[in-house]
Amino acid sequence: ETGVTQTPRHLVMGMTNKKSLKCEQHLGHNAMYWYKQSAKKPLELMFVYNFKEQTENNSVPSRFSPECPNSSHLFLHLHTLQPEDSALYLCASSPREGQGGAGELFFGEGSRLTVL
Amino acid sequence: QKEVEQNSGPLSVPEGAIASLNCTYSDRGSQSFFWYRQYSGKSPELIMFIYSNGDKEDGRFTAQLNKASQYVSLLIRDSQPSDSATYLCAGRIANFGNEKLTFGTGTRLTIIP
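First to last, the sequence lines map onto chains P and C.
Position one of the first sequence corresponds to residue 3 (this note's numbering), numbered consecutively onward.
Position one of the second sequence corresponds to residue 1067 (this note's numbering), numbered consecutively onward.
Please note that the accuracy of each hint is not assured.
Beyond 12 angstroms from chain P on every Cβ pair, some chain C residues (computed) [to be verified]:
| id | residue |
| --- | --- |
| 1 | Ser1078 |
| 2 | Ser1086 |
| 3 | Lys1133 |
| 4 | Ser1135 |
| 5 | Pro1179 |
Chain C side only, calculated, beta carbon under 10 angstroms to chain P, not exhaustive [what the hints assert, rightly or not]:
| id | residue |
| --- | --- |
| 6 | Ser1098 |
| 7 | Ser1109 |
| 8 | Thr1168 |
The hints are simulated quantities; they were obtained by calculation from the structure and are not laboratory data.
Beta carbons are placed, not taken as given, at the ideal position from N, Cα and C, and that holds for glycine.
Only chain P is shown next, with the shape it has when bound in the complex:
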């Protein structure tokens, strides 16, 4: 148990559907992240939020829309996705200060997304 909870763990959706991924952290961290993990590819940073403000949008298509209502919650809204968007979506949080600083990521268990 890392203190970062993601729901749902598995999601199957059609290309015309709208769905959302949810992430909640109980660690008191101020930074939260969305990463995409595809087979044989590096972990790909999508979005970064520091103190609820988006500080990074790594050229992510607009069909992915993040929302961070507070420092503990992070959402990823999905609409009109493509089959190539099928992947494991990982949420993470990190302390702004600490031994590793922002490199010390605490990951959730991930949401496995399949787009048909």
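Please arrange chain C on chain P, whose structure you already have, making use of the hints.
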């Protein structure tokens, strides 16, 4: 050119031996490096980080950093079957408060009993 490169493996090591995992990076602005372990079907977990040249030891794990040669390594002594996992190397660049962590593709390690 990939920013952080790792041999994808699989790397097979007999139980009790030393497993050596290597990582090279291209951006000399990278300031600190992190090793994450990811078991199959699980999320990555941080096992070590290093930001100074030389060695850093934590139990059976030793991280090594050589900034002149731009490589990072992770040694696992007395390898156990429970060490079988994919190991992700990541480099962090801190640039005016905007910190970016770049991951390699990971090396799959198998410890053979």
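Reported absence of Lys1133(C) from the contact zone with chain P (all CB gaps over 12 angstroms): The claim stands: Lys1133(C) keeps its Cβ more than 12 angstroms from every Cβ of chain P (closest is about 16 angstroms).
Holds or violated: is the Cβ of Ser1109(C) closer than 10 angstroms to a Cβ in chain P? holds (4 angstroms)
Is it correct that the beta-carbon of Ser1086(C) has no partner in chain P closer than or equal to 12 angstroms? holds (21 angstroms)
Minimum Cβ separation between Ser1078(C) and chain P greater than 12 angstroms? holds (19 angstroms)
Minimum C-beta separation from Pro1179(C) to chain P exceeding 12 angstroms: can you confirm that? Given a closest Cβ separation of 27 angstroms, the condition holds.
With a cut-off of 10 angstroms on the beta carbons, see whether Ser1098(C) makes it to chain P. holds (6 angstroms)
Once the closest CB in chain P is found, is it more than 12 angstroms from Ser1135(C)? Its Cβ never comes within 12 angstroms of chain P, the nearest being 21 angstroms, so this holds.
Given hint Thr1168(C) near chain P, where the shortest CB pair must fall under 10 angstroms: holds (7 angstroms)
Checked against the numbered hints listed earlier, the structure breaks none of them; every hint is satisfied.
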